[in-house]
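Asker: If you want the building blocks of each chain, they are given just below.
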Amino acid sequence: MQGGLERATGEKMVLNFGPQHPATHGTLRIVLELDGESVLKATPHAGYLHTGFEKLGEHLDYNQYIVVTDRMNYLSPLSNNFGYVLAVEQLLDIEVTKRCQYIRILMAELSRLADHLLWLGTAALDLGAFSVFLYSFREREKLYSIFEKTTGARLTTSYTRVGGVLRDLYDGCEADIRQFISNFPKALKETHTLLTRNRIWMDRTKGVGAISADDAISYGLTGPCLRATGIAHDIRKAEPYSSYDEVTFDVPVGTNGDAYDRYLVRMEEMIQSCGIVTQVLDNIPDGPVNLEDNKITMPDKSDAYGHIEGLIHHFKVVMDGHGVQPPKGDHYCATESPNGELGFYIVSDGSGTAYRIRIRPPSFFHFQALPLMLEGGMVSDTVAVLGSLNVIAGELDR
Amino acid sequence: MSEENQVEEEPKPLVLEKLEANHADALLAQDESRGTVVVVIHKAQAYAVLEYLKTDPELAYTFLVDVTAVDNSQMESELMQFDYARFMVVYQLYSYQGQGRLRVKVPVHENDLSIPSVTGLWQGANWLERETYDMFGINFDGHPDLRRILMPDDFDGHPLRKDYPLRGRGERERFNFDKQNV
Chain A
205 MQGGLERATG EKMVLNFGPQ HPATHGTLRI VLELDGESVL KATPHAGYLH
255 TGFEKLGEHL DYNQYIVVTD RMNYLSPLSN NFGYVLAVEQ LLDIEVTKRC
305 QYIRILMAEL SRLADHLLWL GTAALDLGAF SVFLYSFRER EKLYSIFEKT
355 TGARLTTSYT RVGGVLRDLY DGCEADIRQF ISNFPKALKE THTLLTRNRI
405 WMDRTKGVGA ISADDAISYG LTGPCLRATG IAHDIRKAEP YSSYDEVTFD
455 VPVGTNGDAY DRYLVRMEEM IQSCGIVTQV LDNIPDGPVN LEDNKITMPD
505 KSDAYGHIEG LIHHFKVVMD GHGVQPPKGD HYCATESPNG ELGFYIVSDG
555 SGTAYRIRIR PPSFFHFQAL PLMLEGGMVS DTVAVLGSLN VIAGELDR
Chain B
1039 MSEENQVEEE PKPLVLEKLE ANHADALLAQ DESRGTVVVV IHKAQAYAVL
1089 EYLKTDPELA YTFLVDVTAV DNSQMESELM QFDYARFMVV YQLYSYQGQG
1139 RLRVKVPVHE NDLSIPSVTG LWQGANWLER ETYDMFGINF DGHPDLRRIL
1189 MPDDFDGHPL RKDYPLRGRG ERERFNFDKQ NV
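Protein sequences, first through last, are from chains A and B. Under this note's numbering, think of the first position of the first sequence as 205, with each following residue one higher. Under this note's numbering, think of the first position of the second sequence as 1039, with each following residue one higher.
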């Protein structure tokens, strides 16, 4: 391959990659400047899926905005729901019930599994490993059935509410999840045998798209991409939110910060998530899921239909200017989403609508660092690197 | 009353102590809210303070989490507090060495919408500042490539300003929806 590079004429060719390309998994665009097969310059362009989510936040009330958070990282909407309501709750200075915290962790970890599985399937598919795609989608489908039964939707889950969740887990949910968790490590092992020591997979990912730890920090990389460079930073451990301090898990790290390490880190994170899910199921306490504060959460439906007080509370919560109203001030709350640090910065003016909502999406930073990982490499590695970063256009452009 | 006194006796966060010692003239306000230290600093010293926060070995706020802005034009109390500066540029910082999170705010007046770029300190600031420019029209001096990022290059206006309407301005005029339907 190197011989071919030397024979290159020195003429530059500009190749437009995206915004509609099977390997972009969304609407991303990269303009590549090529000399033969080597990438001289890569310029990522964002904004093709810009939807004005931040502007919308200034016009919807706090509970209405949960629906918008589904559409940010549409591969793990439950994590977004979680991160957003946590920010609002911290702004309100309230803490939800223990059972609710456990349910949220449970769903966040399951959605981490689903997100990593989709990443695994598509990243492998981009490099030609079709079976991995089928295996990981088979597992992901089981998770989506659980999500559908719990939240009523596969993708637009909108499961959390300020002060609680939509509803408690369904009957038999624990058995479903336990069955999934008991089979999952075996299913993941199939992928390990297909990829981890696979000559082609290693050639295509090892040393490809490497980034050093210092560069990763300077570019603001978080999540598996940061941990692949060797920095053991996980917000769940560093600043435990909800009940993450009550579960034990390891933070896997890589050494080279390349596509192969990002793959290994994500694979191990899935195993760790399984451990968290098991611990949560073992220790989940009984009790109410929603906060019993009628100024924040909706009353029970039986209460709303059967009692005048319940009906009044119900109306008060949904009426403009009577529902959730955090005190004046601002707050930044970060959670560890499957892709990295997902932050919500909310400025409240004391009314029922946020004065400003800023979303700090992990993909924005990963996509920005792309030139550093591509330049000097081969054009065919573009797909491998882009796949390893798991850039989600929905949260990139918001 | 005694409880309140106890709260006041708690040790000051290291970052506030060090900023007071080294950059006292830059500090406009300081606060600690929900576990995060918040400082408001003068625009003139913004770059120097951020550089200090990043490079000081004890503080080491090496991770620039976010750069954004808030248009305070409809928030009278904020406006009054900082000499009627319409915009507040907000930096979220994080230190991997145990200092935790820090929020740095810099008031920017509408008649001088420029602020020094921090791309020299953090590579990741590049796109963040581009987005802030795109959405609020704040110019970052010294930015290597300050152009729109989310909105089209020929777009007019800055959508996250409070005077920009939710449903846009002018975009629909190109289509003859009204004429056809009436």
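Treat the hints as calculated values from the structure; they're not laboratory data. For clarity, every value in this text was computed on a predicted model and none was experimentally measured. Be a bit skeptical, because a hint or two may be false.
Quick list of in silico lysine-lysine cross-link-like pairs, DSBU-like style, CA-CA up to 35 angstroms [as the list claims (entries may be wrong)]:
#1 B/K1056 with A/K532
#2 B/K1092 with A/K410
#3 B/K1092 with A/K441
#4 A/K216 with B/K1081
#5 B/K1081 with B/K1092
#6 B/K1050 with A/K520
#7 B/K1056 with A/K245
#8 B/K1200 with A/K532
#9 A/K216 with B/K1050
#10 A/K393 with B/K1050
#11 A/K259 with B/K1092
#12 B/K1092 with A/K393
#13 B/K1050 with A/K532
#14 B/K1050 with A/K245
#15 B/K1092 with B/K1050
#16 A/K302 with B/K1050
#17 B/K1200 with A/K499
#18 B/K1200 with A/K259
To spell it out: a stretch of chain A is covered by chain B in this simulated footprint if at least three of its residues, at any positions, have a beta carbon under 8 angstroms from a beta carbon of chain B; those stretches are [said to hold, decoys possible]:
#19 259 to 271
#20 414 to 423
#21 528 to 538
#22 542 to 554
FRET-style restraints, in silico, Cβ to Cβ [unchecked claim]:
#23 B/S1111 with A/V522: 23 to 31 angstroms
#24 A/G533 with B/D1201: 18 to 26 angstroms
#25 A/Y509 with B/R1072: 36 to 44 angstroms
Glycine is no exception: its CB is placed at the ideal position from the N, C-alpha and C atoms.
Asker: Against each hint, give a clear statement of whether it holds in the structure.
Answerer: Hints, verified against the model:
1. A C-alpha spacing of about 28 angstroms is found between B/K1056 and A/K532, which places the hinted pair at or below 35 angstroms, so the restraint holds.
2. At most 35 angstroms may separate the alpha-carbon atoms for a hinted pair to count; B/K1092 and A/K410 meet this at roughly 32 angstroms.
3. A C-alpha spacing of about 23 angstroms is found between B/K1092 and A/K441, which places the hinted pair at or below 35 angstroms, so the restraint holds.
4. Between A/K216 and B/K1081 the CA atoms are separated by roughly 43 angstroms; this puts the pair beyond 35 angstroms, and the hint is violated.
5. Taking the CA atoms of B/K1081 and B/K1092, the gap is about 17 angstroms. The hint holds against a cut of 35 angstroms.
6. Among the hinted pairs, B/K1050 with A/K520 is inconsistent with the structure: their alpha-carbon atoms are about 41 angstroms apart, more than 35 angstroms.
7. Distance check on the hinted pair: B/K1056 and A/K245 sit about 42 angstroms apart at the alpha-carbon level, beyond 35 angstroms; violated.
8. Distance restraint check for B/K1200 and A/K532: the Cα-Cα separation of roughly 18 angstroms lies within the 35 angstroms cut-off, and the hinted pair is therefore satisfied.
9. Taking the CA atoms of A/K216 and B/K1050, the gap is near 57 angstroms; set against the 35 angstroms cutoff, the hint is violated.
10. Among the hinted pairs, A/K393 with B/K1050 is inconsistent with the structure: their alpha-carbon atoms are about 51 angstroms apart, more than 35 angstroms.
11. Between the alpha carbons of A/K259 and B/K1092 the distance comes to roughly 31 angstroms, so the proposed pair stays at or under 35 angstroms and holds.
12. A distance of roughly 43 angstroms separates the Cα atoms of B/K1092 and A/K393; the hinted pair therefore is violated under the 35 angstroms criterion.
13. Of the pairs offered as hints, the one joining B/K1050 and A/K532 holds, with about 24 angstroms between alpha carbons and a cut-off of 35 angstroms not exceeded.
14. As the CA atoms of B/K1050 and A/K245 are separated by approximately 48 angstroms, the hinted pair breaks the 35 angstroms bound.
15. Restraint check for B/K1092 and B/K1050: the C-alpha separation of about 19 angstroms stays at or below 35 angstroms, so the hint holds.
16. A hinted pair counts as satisfied when its Cα atoms are at most 35 angstroms apart, and A/K302 with B/K1050 qualifies at roughly 32 angstroms.
17. This hinted pair checks out: B/K1200 and A/K499 have alpha carbons roughly 29 angstroms apart, not beyond 35 angstroms.
18. This hinted pair checks out: B/K1200 and A/K259 have alpha carbons roughly 9 angstroms apart, not beyond 35 angstroms.
19. With a cut-off of 8 angstroms between beta carbons, the segment 259 to 271 of chain A has 4 residues touching chain B; three or more are needed, and the interface restraint holds.
20. With 4 residues bearing a CB less than 8 angstroms from a CB of chain B, the segment 414 to 423 of chain A meets the requirement of three and the coverage assertion stands.
21. A stretch counts as covered by a chain when three or more of its residues have a beta carbon under 8 angstroms from one of that chain; for the segment 528 to 538 of chain A and chain B the count is 6, and the coverage holds.
22. Figure legend: the segment 542 to 554 of chain A, annotated as covered by chain B; annotation consistent (5 residues with Cβ-Cβ distances under 8 angstroms, at least 3 required).
23. Distance hint for B/S1111 and A/V522: a CB-CB separation of about 29 angstroms, consistent with the stated range 23 to 31 angstroms.
24. For A/G533 and B/D1201, the Cβ-Cβ distance of about 24 angstroms falls inside the hinted range of 18 to 26 angstroms, so the restraint holds.
25. At about 37 angstroms, the beta-carbon gap between A/Y509 and B/R1072 stays in the expected band of 36 to 44 angstroms.
Hint compliance for this structure: hints 4, 6, 7, 9, 10, 12 and 14 are not met, and every other hint is.
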